[in-house]
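If you use our numbering, the sequence shown closes out at 539, no skipped numbers anywhere.
Quick caveat, the hints were computed from the structure, so don't treat them as lab data.
Ideal placement from N, C-alpha and C gives every residue a C-beta, glycine not left out.
Don't take every hint at face value.
Here are the simulated EDC-like pairs of lysine to aspartate or glutamate, each with C-alpha atoms no more than 16 Å apart in a straight line [claimed, not checked]:
no.: 1; residue 1: K279; residue 2: D226
no.: 2; residue 1: K279; residue 2: E358
no.: 3; residue 1: K434; residue 2: D400
no.: 4; residue 1: K416; residue 2: D404
no.: 5; residue 1: K438; residue 2: D469
no.: 6; residue 1: K438; residue 2: E450
no.: 7; residue 1: K434; residue 2: E299
no.: 8; residue 1: K438; residue 2: D477
no.: 9; residue 1: K471; residue 2: E501
no.: 10; residue 1: K497; residue 2: E465
no.: 11; residue 1: K279; residue 2: D359
no.: 12; residue 1: K416; residue 2: E406
no.: 13; residue 1: K416; residue 2: D400
no.: 14; residue 1: K338; residue 2: D469
no.: 15; residue 1: K471; residue 2: E485
no.: 16; residue 1: K434; residue 2: E472
no.: 17; residue 1: K493; residue 2: D359
no.: 18; residue 1: K279; residue 2: D363
no.: 19; residue 1: K504; residue 2: D363
no.: 20; residue 1: K338; residue 2: D231
Derived Cβ-Cβ restraints for the label pairs, each shown as a range [what the hints assert, rightly or not]:
no.: 21; residue 1: K434; residue 2: D276; range: 23 to 31 Å
no.: 22; residue 1: D400; residue 2: E247; range: 38 to 46 Å
no.: 23; residue 1: F457; residue 2: K434; range: 16 to 24 Å
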Amino acid sequence: MKRFAKISLIGVIVLFVAAAGGAVVKYRADQSYYDGYDASLPLNPVVRGTEQRDAYTRVDFTYQSQPESNVPSILALPVDTPKPYPCIIFLHGIGQSKSFLDEIAAYYTQAGFAIVSFDQYMRGERRIASKDPVSQLLGLRKRTSLNVIDTRRLVDYLETREDIAKDRIYLIGASFGAITGCTAVAFEPRIPAAVMTYGGGNLDLLLDSEAARKELGRWKGPLTSLVAFVTAPSDPVKYVGKIAPRPLLFQNGEHDQLIPFAAARALVEAAGDPKEFAVYDSDHVGVDEAQTIQVLKDSIKWLLEQDKRNLSAANTAMTPAGPAQAAPGAAAVSSASALPAAS
């Protein structure tokens, strides 16, 4: 019995030391979570194809975000808008890929914007081979940090293009793209305004969704606690306040079963001013097509207003005497109801 007790005590000590060591490793990893951005690295862009569509020119390309890491992307350019174009970086949802851009691009290009989206890590051409839960969880942790780094490198690339207005690069994040988009904009000062569509913050609130309860059942508690622990450094409430004084528009559904409204409110409250909070009588974006189109059009209307202000401020700075003149490529201000339908 004494020998068994001694062995048990040794086992407890070993487990404690291992846990403590693991905690130290995780702490150090958390401290450098977003440190992978390096503007000095070559972008090595490669255009893989160009296609003319009814409402936009579609450019399929890659750029280098990190050493030996090429990011597949799609850029949609307006057809009848003077260059250089204002541009929107679109961060897609957790289950989507860059190809989703083809479903929404025409709305933005017909309003005068270029719009670009990349395959996030684990999606599209960047899927990981392993499907086991541990690999997927660690992949999610990596994905949230790479979204920030890849977004910043995409800004680097867009600034090299003569057809893109360098000081008019905006961001829209949808769902998971909004959760990670807040942090991307917080770290990237070159983005002057952004829209967060159906995102949220505070991981405890964010993971306490109706969808998680239905999907995980009695395992929800331990599983969501594990996810929250592993992805803790990615909580956008820690960073969103750093975006101010750049303007933000938050769009959320009051009856969202995927992103709890309490999590949406927590993210909005953590943000500084100026900010706007548009609340819709809806479930998650994408559930109802008509509602989704309205949300999309509202985001365009808001970004047109921000773009007009940016142009006005830039023109005032360049021409202190006399009225400001609109710069080439300025998107005309339009009401949401007057925007063209996507083709």
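So, going through the hints one by one against the coordinates:
1. K279 to D226: 42 Å, violated
2. K279 to E358: 8 Å, holds
3. K434 to D400: Distance of about 13 Å is within 16 Å: holds.
4. K416 to D404: Holds - the C-alpha atoms of D404 and K416 are around 9 Å apart, at most 16 Å.
5. K438 to D469: Given pair K438, D469 holds - Cα atoms ~10 Å apart, limit 16 Å.
6. K438 to E450: 26 Å, violated
7. K434 to E299: 32 Å, violated
8. K438 to D477: 29 Å, violated
9. K471 to E501: 14 Å, holds
10. K497 to E465: This hinted pair is violated, its Cα atoms lying about 23 Å apart.
11. K279 to D359: 5 Å, holds
12. K416 to E406: 11 Å, holds
13. K416 to D400: Roughly 12 Å between the alpha carbons, so the hint for K416 and D400 holds.
14. K338 to D469: Roughly 30 Å separates the two Cα atoms, so the pair is violated.
15. K471 to E485: 26 Å, violated
16. K434 to E472: Not OK: K434 and E472 at ~19 Å, beyond 16 Å, violated.
17. K493 to D359: 24 Å, violated
18. K279 to D363: With a Cα-Cα distance of about 13 Å, the restraint between K279 and D363 holds, given a limit of 16 Å.
19. K504 to D363: With a Cα-Cα distance of about 12 Å, the restraint between K504 and D363 holds, given a limit of 16 Å.
20. K338 to D231: The given pair, whose Cα atoms are some 12 Å apart, holds under the 16 Å limit.
21. K434 to D276: 23 to 31 Å: 43 Å, violated
22. D400 to E247: 38 to 46 Å: 45 Å, holds
23. F457 to K434: 16 to 24 Å: 20 Å, holds
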